[in-house]
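Chains as they are written, first to last, in my numbering: chain A, 1 to 209; chain B, 1 to 404.
No lab work stands behind these hints, which were simulated from the structure alone. Hints may contain errors.
Said to hold, decoys possible - Reference listing, derived: stretches of chain A covered by chain B, where coverage requires no fewer than 3 residues with Cβ under 8 Å from a Cβ of chain B: (1) 24-36; (2) 50-64; (3) 139-148; (4) 173-187.
Stated by the list, open to error - Which residues of chain B face chain A? A few of them, derived with a C-beta cut under 10 Å, are: (5) Ala51; (6) Phe61; (7) Val62; (8) Gln63; (9) His64; (10) Ser74; (11) Phe88; (12) Val142; (13) Arg148; (14) Glu152; (15) Leu154; (16) Lys198; (17) Gln200.
Where is the CB? At the ideal position from N, CA and C, for every residue including glycine.
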Amino acid sequence: MKQIMMLLLAPTLLLVVGCGKAPTDKLAETEKGVLDAKLAGASAYAAEDFAKLEGMLTNAQKEIDDQNAKFMLFRDYGKAEQLLASVRAETPKLIEETAKKKAEAKDVAFKAHDAAKEAVKRAQALVAKAPVGKDRAAVEAIKNDAKALTASLNDVQMAIDSEDYLTAQAKAKAVQDKSRALAAEVKGALAKVGGAKATPATTGTKNKK
Amino acid sequence: MDRCSSLVLRTGALLCALTVPLLAACVQQAPPDLVQSVEDLDQQLAAARGAEFAPEDYRQFVQHWVAFKDRLRSDDDVIGWPWEDNPFETDLRALYEEGSRVLMVATDRQNTERQGAVSNVARLERRLRRFTSRVDRIGSRVALGEQRVETELLVKQARSFLEQGHFAHSVRVAQQADQHMASQAARLNSELSRYADKEQVARWRAMVRRTVDWSKRHQAAALVVVKAEQRLTLYKNGRAVLSYRPVRLGFNGVQEKRYEDDGATPEGDYRVVRKRDRGQTEFYRAFLLDYPNADDQRRFQSARKAGVIPAEARIGGNIEIHGEANRQLSETLGCVMLSNRQMDALFHEVKVGTPVTIVGAVDVDNQVAVVLAQLDQGNDDPDDDSADSQDAPAQPDETAVEQS
Chain A
1 MKQIMMLLLA
11 PTLLLVVGCG
21 KAPTDKLAET
31 EKGVLDAKLA
41 GASAYAAEDF
51 AKLEGMLTNA
61 QKEIDDQNAK
71 FMLFRDYGKA
81 EQLLASVRAE
91 TPKLIEETAK
101 KKAEAKDVAF
111 KAHDAAKEAV
121 KRAQALVAKA
131 PVGKDRAAVE
141 AIKNDAKALT
151 ASLNDVQMAI
161 DSEDYLTAQA
171 KAKAVQDKSR
181 ALAAEVKGAL
191 AKVGGAKATP
201 ATTGTKNKK
Chain B
1 MDRCSSLVLR
11 TGALLCALTV
21 PLLAACVQQA
31 PPDLVQSVED
41 LDQQLAAARG
51 AEFAPEDYRQ
61 FVQHWVAFKD
71 RLRSDDDVIG
81 WPWEDNPFET
91 DLRALYEEGS
101 RVLMVATDRQ
111 NTERQGAVSN
121 VARLERRLRR
131 FTSRVDRIGS
141 RVALGEQRVE
151 TELLVKQARS
161 FLEQGHFAHS
171 VRVAQQADQH
181 MASQAARLNS
191 ELSRYADKEQ
201 VARWRAMVRR
211 TVDWSKRHQA
221 AALVVVKAEQ
231 RLTLYKNGRA
241 VLSYRPVRLG
251 FNGVQEKRYE
261 DDGATPEGDY
271 RVVRKRDRGQ
281 TEFYRAFLLD
291 YPNADDQRRF
301 QSARKAGVIP
311 AEARIGGNIE
321 IHGEANRQLS
331 ETLGCVMLSN
341 RQMDALFHEV
351 KVGTPVTIVG
361 AVDVDNQVAV
371 VLAQLDQGND
381 DPDDDSADSQ
391 DAPAQPDETA
401 VEQS
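Here chain A stands alone, though its shape is the one from the complex (with noise of 0.2 Å):
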């Protein structure tokens, strides 16, 4: 008669046991794969999706406490299983998306960084034949606003090297947007002197002031 009882007992209370057992290590697996996402920077490139699949793990979470408050017997982790194989199913997809919407960004940054180096560069070139005329202060000014421009240059590249993309681009695109103003303030005041070349100072003392 025991060994009926025990027979008939057995996989009941290996049902039991089986069903009860709360999946820490999917969950802990599955929070792992939503922070990859977050440092991924899945929260900046894709917030709205980042923002689903915060939810989708929280409901998991939410069903595994739902679950672990009821009477041992009663637990079914069934669903909580389901509900974190779905975000593990969809963690992959958006740090791929991330991944291809940081590259995109990085395009721009990077498109944006080659057109105002080169702007800067013609810049420079005018700037080098700009004349000492009259107008001593804004040539001093010119040649100030061309180092300061070279000097925003690095700044764009530190923003590009901290994956910073939006303001490299911002910045890049001002850069570029200055040098052509310096530019066309050059050309304007080459045109008034015909284009002569600058005198350099003269080393004696009659010019020195």
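Dock chain B against chain A, hints included.
Just chain B, lined up with the frame of chain A:
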């Protein structure tokens, strides 16, 4: 018995025939049009950047929506009587209401942020225009070095972020630009504080008075240059007879002269030591001054000892009052430059030994002091039209003052 069995069978069949359709009609499903409506709402929220402008509300909506979609995907059927509410429909309507509310909140906040960023950038650009105009008015563009362009680039970035819809970025960069301008204003105030110093201005006024008195006592000509007004006045026998404005100073003219090539026009009591006529100077006609005098030498040595000027710097010389270059090109590193016609008017009045007094200002409300105060205040009230009129450049003035 047969009749009884037959009756039971027929009754059972009738009951099944009635029950099965009834049961089938009670399996409740999510109305597809409502599901689509909530899907569409989800897309609208993504387009409205719900996660950015209503993060908490959006997160909750998404959580409920995802949970509902999980219920749909599961195999559980919901059975209910036809007169009972469909829980899927009820939940979908609740979701739709929630999503609509979140969309309204996100859209309102986005509009508010946009309007804030738009007015902020407009204010900033106006402030930069006024700042630049005022700095140029006192000839201090070069003094600010590369800081000017750094500020301009920040303002452009603020505009660029605004146009791309990144309002928080725009506001953050605009704040940096404001701080830059405040820092530049502080720097100029520090370097040019002499112009707002009553005692200093009184000392300058006294210098001018002494020169004018000398002119009267010696019945001779004297020249006075006031840098803040960019004005040169010829006195004869103690009376002003000619006045020119604006005259050109060095590229850092209003600054205190410290060393050679710094672009500042020196301040002090000088004399003409040589007159250069046409053909004797590249600047048409010129009066060479005795800069550096003893005071200049003393100041230079003190500055060098204090380390405020580069160790290799020289005091320089060759400060003149001169005309425009014969060539297309000329250099002004601290001289006072007039037009050739003006030099013609002065040339025969001025002799070797004529005193030339150069001061910063003779009035505490001089242009440099006024501009410094304006730069300090920011003065970016959009309704303040007087600020723009104050920035208008002064009209040229060539006055021949009649002797009584």
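In terms of beta carbon proximity below 8 Å, does the stretch 24-36 of chain A have 3 or more residues touching chain B? violated (count 0)
How about Lys198/B: closest beta carbon in chain A under 10 Å, or not? violated, 29 Å
Given Glu152/B as an interface hint, is the shortest Cβ-Cβ distance to chain A below 10 Å? holds, 6 Å
Holds or violated: is the Cβ of Gln200/B closer than 10 Å to a Cβ in chain A? Gln200/B check fails; min Cβ-Cβ to chain A is 24 Å, beyond 10 Å.
Val62/B as chain A interface residue, shortest Cβ-Cβ below 10 Å: holds, 4 Å
Tell me if chain B covers the stretch 173-187 of chain A under the three-residue, 8 Å CB rule, please? holds (count 5)
Holds or violated: is there a CB of chain A closer than 10 Å to the CB of Ala51/B? holds, 4 Å
Agreement of hint Phe88/B with chain A interface, Cβ distance less than 10 Å: violated, 17 Å
Holds or violated: is the Cβ of Arg148/B closer than 10 Å to a Cβ in chain A? holds, 7 Å
With a cut-off of 10 Å on the beta carbons, see whether Gln63/B makes it to chain A. Check passed: Cβ of Gln63/B comes within 4 Å of chain A, closer than 10 Å.
Quick check on the hint: Leu154/B CB to chain A CB, less than 10 Å? holds, 8 Å
Hint check, Ser74/B versus chain A [nearest Cβ-Cβ separation less than 10 Å]: holds, 7 Å
In summary, the structure is inconsistent with hints 1, 11, 16, 17 from the numbered list given earlier, while agreeing with the others.
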